[in-house]
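Undergrad: Residue numbers (this note's numbering), protein chains in the order written: chain A, 1 to 321; chain B, 1 to 386.
Keep in mind the hints are simulated off the structure, nothing from the lab.
Since we're looking at a predicted model, the values are computed, not measured.
Virtual Cβ for every residue (Gly too), placed ideally from N, Cα, C.
One thing to keep in mind: the hints can contain errors.
[Stated by the list, open to error] Stretch-level coverage of chain A by chain B, calculated; a stretch enters the list once three of its residues show a Cβ under 8 Å from a Cβ in chain B:
hint: 1; stretch: 97-104
hint: 2; stretch: 288-300
[Unchecked claim] Partial list, derived from the structure: chain A residues whose beta carbon lies under 7 Å from chain B:
hint: 3; residue: Glu16
hint: 4; residue: Pro83
hint: 5; residue: Leu84
hint: 6; residue: Asn91
hint: 7; residue: Val205
hint: 8; residue: Leu235
hint: 9; residue: Thr236
hint: 10; residue: Asp239
hint: 11; residue: Leu243
[Unchecked claim] Quick partial rundown of chain B residues pointing at chain A, CB under 7 Å, derived from the structure:
hint: 12; residue: Asp120
hint: 13; residue: Ala176
hint: 14; residue: Thr230
The primary structure of each chain is shown beneath.
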Amino acid sequence: MTTVTCYLHGGYPHSEELVALARDAARGRRPASDVFRQRRVDQAEMEAVQREAGLTYVSSGMLGWQDGFRPLIAACPEWETGPLRRWFATNTFARIPVVRGTSGLDRGLLAAALEADGTAGPAGEVGTLPGPYTFSRIADTSGDRDTLIGSLAAGVLRPAAEVLTAHGARVIHLQEPWLAAHGIGDSCWAHLAGAVDQVRDGLGVPVVVHAYFGDAGPWLGRLQALPADAVGVDLTETDLTALSGRWTTGLLVGCVDGRSSLAEDPAALAALARRIITMADPPWLILSSGCELDLLPRAVADRKTRVLGQAARLLALETAC
Amino acid sequence: MLTPLLACELGSLAKPAWRVKAAAGRPAEEADIAEARAWGQRLGVDGYQDLLVLLRKPSLSSAQRQHIRDWSSRYGLRFFETAGLDVVYDGEQQRSEMYSWAIEHAAGFDTRGSVRSFDDKYYTKSAVTGPVALRAPYHDAEFRLLRTAARRPVKVPVTGPYTLAVWSFDERYTRAADYTVPVTERRRQRAAARRQFVLDVARNLVRPNIDALLRLGARWIQIDEPGGSTEPDEIVLMAEAYNACVDGLDATFSTHLCFSDYRLFFPGIAAMTGCAQFAVGFANDDRRELGTSDSARPGYHIIRAFRDLPGNPALGLGVLDVHTDFIEPPELVRDRILYAVRVFGGPERLQIMPDCGLRTRSWPIAYRKLGSMTAGVRLARAALGL
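Please construct the entire structure, taking both the sequences and the accompanying hints into account.
TA: Encoded structure:
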């Protein structure tokens, strides 16, 4: 019997009002407090969209995160933000983490950033973090990148996951776009497995490893062997047939395209999910977006969120019948 | 064009508050007028007092707002000229933004909303929904003004077709994905759709706009492709679209690429046969310490690949990081240039510029950076005995 849930991971777009206020604040025309106030409005609105859509877990949308690394870097006293890098094949850029020193993440600093009016905003029920493999490849480091996979998990991602769960996260979502987009060497798998175990062991909430922005098909066997509660793929890039065969771990299906403004058909997505259940029979099926939705304008993302919820509802109705 | 170490303008400048407010129909405040006066004096803008009179008006007609935009162009022009640059433009003061300005003058697009570029910087993203066409040439008015006002040669920046397409959503050439179709077939369909979209933008929008500029006497057009490496397997398409814009036209054409893993551009950009200069940002990835060794200049190792391009195009060497307020000392600019001169075996194919447009920096910071750049060029010229 497959349990079906749905949620959004990663960042969510800012409203047009928040964009305008942030622009004005950057130019000194409005106080920063106006931005915080509007961000709370945005937060409430996007949570309402998710609740009305019927998503299982409500994401915070990471509205205060300038990219997926910034509050983590700020919470690691010896680290700095580096130059801008293109975020995979998108027109969004992130500042790469400059990883130096060994002090690791200061839980208090991250917690403060997540609390009321903190720079990062609330944690939400979906705690999204950069996956240890992707983090190790993107970081500016003078050390060995394979070794970094484990030290990032122990020193940064596990403490961050604990802070997020303490602030309400009910699932930890590790984003691993590098894995699908650029591949992974044989020698890295043991490091990655150890890192996922480091994040998940005794955490008390499920951990999902999501490979997207590329074809996860070649890696699915080894992904399923990771000590994760679920493994995620991006169906924009991964063939449906690659999912066939009985799954013993959970399966996250990225079936809403975060890089296209065209809205998916909820009935088609429900039929797709039903087909996946038939062909893979995973114990846990998660319907989500292929990549984070913050690559879209807010109105488009809202529409896709509703589609995701409608698809899950249709699937639930059919299952109930 | 192959003047050694020619110092060139590149792209956009921030718009002054008085220009932004005028465009939005808001009155200028005393601080804005004081700023206009101070920069008018500093840059030696002829007749800037007329601008101050205009800014004091409680309300502005449409024609008066355009006059203020024209003033902004004159200020931008003098900004680059007095900073000591050899090739100038106006910092794109007339344009809303490099993407949206072109899209606003095109048929076949509908606005979808704001999308983050980085940090708290956003752009308004549109979707192609119908046949792409040029509604009206969109750089003619600014060029008419600048060709008569400029005291130095001008280079007209034009947003490239690949960037216009890849920064847009596609609701015309593709449909929502059908995940039951094999992914290899979907990729083939996506690639074919993208190619048609990009080439339609090149042939039906960008090229006619360039044609109009050439008819007005423009001699150097820079086709900006900051989105060029978004999809690494589409570099060849970007090159094909570039060629579709310029083939058979009589002018100097160059391109600007930035903030990418530049290795991805090779060998694809070798097909841009009519490209006289590749203007590329490197300082963003470089160190701030002085030195001309390989270890001192990690951001510039890739220039060897540009050196070896067929046809010996010039390299527009980015020496200013446009994302920080750090003022590069002239000696650092000099060392970046001297490193490149050593790699290229001489200065003949090197021209000097910021990494990208300076629009995210304030005018005082941008002016100091450019002043440092031109001082660094002078130091390099002296060191080379030029």
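Undergrad: Please check whether threonine 230 (chain B) passes as an interface residue: C-beta within 7 Å of a C-beta belonging to chain A.
TA: holds (6 Å)
Undergrad: Hint asparagine 91 (chain A) vs chain B: min CB-CB distance below 7 Å?
TA: It holds, given that the least Cβ distance between asparagine 91 (chain A) and chain B is near 6 Å, below 7 Å.
Undergrad: Is the interface hint satisfied for proline 83 (chain A)? The criterion is a beta-carbon contact with chain B at less than 7 Å.
TA: Hint holds; proline 83 (chain A) Cβ to chain B Cβ min 5 Å, cut 7 Å.
Undergrad: Holds or violated: the hint that valine 205 (chain A) contacts chain B, with Cβ atoms closer than 7 Å.
TA: violated (28 Å)
Undergrad: Are at least 3 residues of the stretch 97-104 of chain A within less than 8 Å of chain B when you compare beta carbons?
TA: Per the Cβ count (0), the hint is violated.
Undergrad: Does aspartate 239 (chain A) meet its interface restraint, that is, does its C-beta lie within less than 7 Å of any C-beta in chain B?
TA: Constraint on aspartate 239 (chain A) satisfied, holds at 4 Å.
Undergrad: A closest beta-carbon separation below 7 Å is what the hint needs, so does leucine 243 (chain A) meet it against chain B?
TA: violated (10 Å)
Undergrad: Cut-off 8 Å, C-beta pairs, minimum 3 residues; does the coverage of the stretch 288-300 of chain A by chain B stand?
TA: holds (count 7)
Undergrad: Quick check on the hint: threonine 236 (chain A) CB to chain B CB, less than 7 Å?
TA: holds (6 Å)
Undergrad: Does the CB of alanine 176 (chain B) sit less than 7 Å away from some CB of chain A?
TA: Given a least distance of 4 Å, the restraint on alanine 176 (chain B) holds.
Undergrad: Let's test the interface hint: is any C-beta of chain A closer than 7 Å to that of aspartate 120 (chain B)?
TA: holds (4 Å)
Undergrad: Does glutamate 16 (chain A) meet its interface restraint, that is, does its C-beta lie within less than 7 Å of any C-beta in chain B?
TA: holds (6 Å)
Consistency note: the structure conflicts with the earlier hints numbered 1, 7 and 11.
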